[in-house]
Amino acid sequence: MTDGPVEVARRLAGELLAPAAAEVDATGVLPRGQLDALADAGLYGLVGPAGAGGLDADGATLAAVVEELAAGDLATAFVWLQHHGVVGRLAATGLHPDLLADLCAGRRRAGIALQAATRPDAAPVTLRRHGGDPVLDGAVPWVTGWGLVDVVLVAARDGEDVAFVLVDAVEGPGLGVVPQSLVAVQASATVELRLTGHRVSAGRLLGSTPLSRVRAGDAAGLRLNGSLALGLVRRCCRMVGPSPLDGELDAARARLDAAGPADLPAARAEAAALAHRASGALTVATGSASVRAGSVAERTAREALFLLVFGSRPAIRAALLGRFGAAR
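Under the working numbering, the first residue of the sequence shown carries the number 1, and numbering increases by one thereafter.
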């Protein structure tokens with residue numbers, strides 16, 4: 001019987017990602033071969049439509065695959081995860097079927113640059129038009145996978161709407177990047193994307209959505225990032241051995257799965273806090289070797305720190321501060 005995508009992800013995480021994770025972390029370089037292996041296994045088309053060569057998997061399967069990959073190597077999972085938001089949006093438009101097929105096969109890979117258009121604490125990327133073509137101005141502070149992806153989906157403010165534009169991931173006129181130095185997942189090749197009068201063809205505009213609708217729907221999209229934190233907990237559980245953490249992992253996952261938009265921030269905070277605590281348990285269980293740079297426990301602790309703030313929102317931050325006894 002052919003293994004399903006979750007079993008495939010578990011095997012790849014155990015046989016390929018985890019054994020290479022220390023070197024990936026130490027060098028800050030994610031080998032393309034790891035992403036190629038995910039593509040060869042069909043995981044780049046996990047949520048893509050069957051008509052484009054995808055597996056048409058549901059959200060629960062995607063979340064489970066993210067968890068397995070993150071347990072193996074967070075940097076790899078982090079880069080791979082961005083791709084699926086672009087596949088989903090492109091599939092919904094019916095545009096660029098050849099590109100969609102390439103994305104589902106992993107022949108081409110995608111990243112996202114979305115947060116600067118909607119967050120109230122960030123200067124938005126804006127869209128204007130020149131001769132019918134979109135022109136982009138602004139900066140996105142966190143864009144993952146630069147040099148590992150071919151296209152980036154950029155969200156830009158267009159009056160009271162948010163426009164979604166495909167941009168080639170190549171530096172050139174009006175497009176530059178500044179590498180970000182991170183305490184963990186440095187191999188994710190995360191950069192600040194800077195756009196200054198960057199013009200793309202009109203066909204790269206994938207539609208617009210009212211800003212109010214984008215903001216209202218933001219909470220519903222928080223579930224998936226919680227699986228990155230659960231992946232770290234899973235890694236810790238496997239290394240520590242049977243313990244109450246196993247039950248806590250199951251409970252945190254169940255709460256994320258059951259949460260509606262109003263409850264998702266608290267559930268996301270619970271997952272991030274559990275990853276932080278589980279990494280502490282792994283550190284103690286490992287003993288003095290955990291303070292050696294490059295140990296699994298040391299790397300996991302830094303990754304758990306990263307996930308306390310990755311993809312955060314004010315409600316998630318408030319819930320975490322409450323858990324850590326620092327609520328305002």
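In case anyone wonders, no lab produced these hints; they're calculated from the structure. A couple of the hints might just be wrong.
So the derived label-pair ranges between C-beta atoms look like this [what the hints assert, rightly or not]:
#1 168 / 254: 40 to 50 Å
#2 94 / 288: 36 to 46 Å
#3 22 / 59: 42 to 52 Å
#4 3 / 160: 43 to 53 Å
#5 285 / 218: 46 to 56 Å
These numbers come from a predicted model, not from an experiment. Backbone N, C-alpha and C fix where the C-beta goes; we use that ideal spot for every residue, glycine too.
So, going through the hints one by one against the coordinates:
About 41 Å separates the C-beta atoms of residue 168 and residue 254, a value consistent with the hinted range of 40 to 50 Å. Residue 94 and residue 288 have their C-beta atoms about 58 Å apart, which leaves the hinted 36 to 46 Å range violated. Checking the proposed 42 to 52 Å range against residue 22 and residue 59 shows it is violated: the Cβ atoms sit about 32 Å from each other. Residue 3 and residue 160 have their C-beta atoms about 47 Å apart, which keeps the hinted 43 to 53 Å range intact.
At about 37 Å, the beta-carbon gap between residue 285 and residue 218 misses the expected band of 46 to 56 Å.
In this structure, the earlier hints numbered 2, 3, 5 are contradicted, and the remaining ones agree with it.
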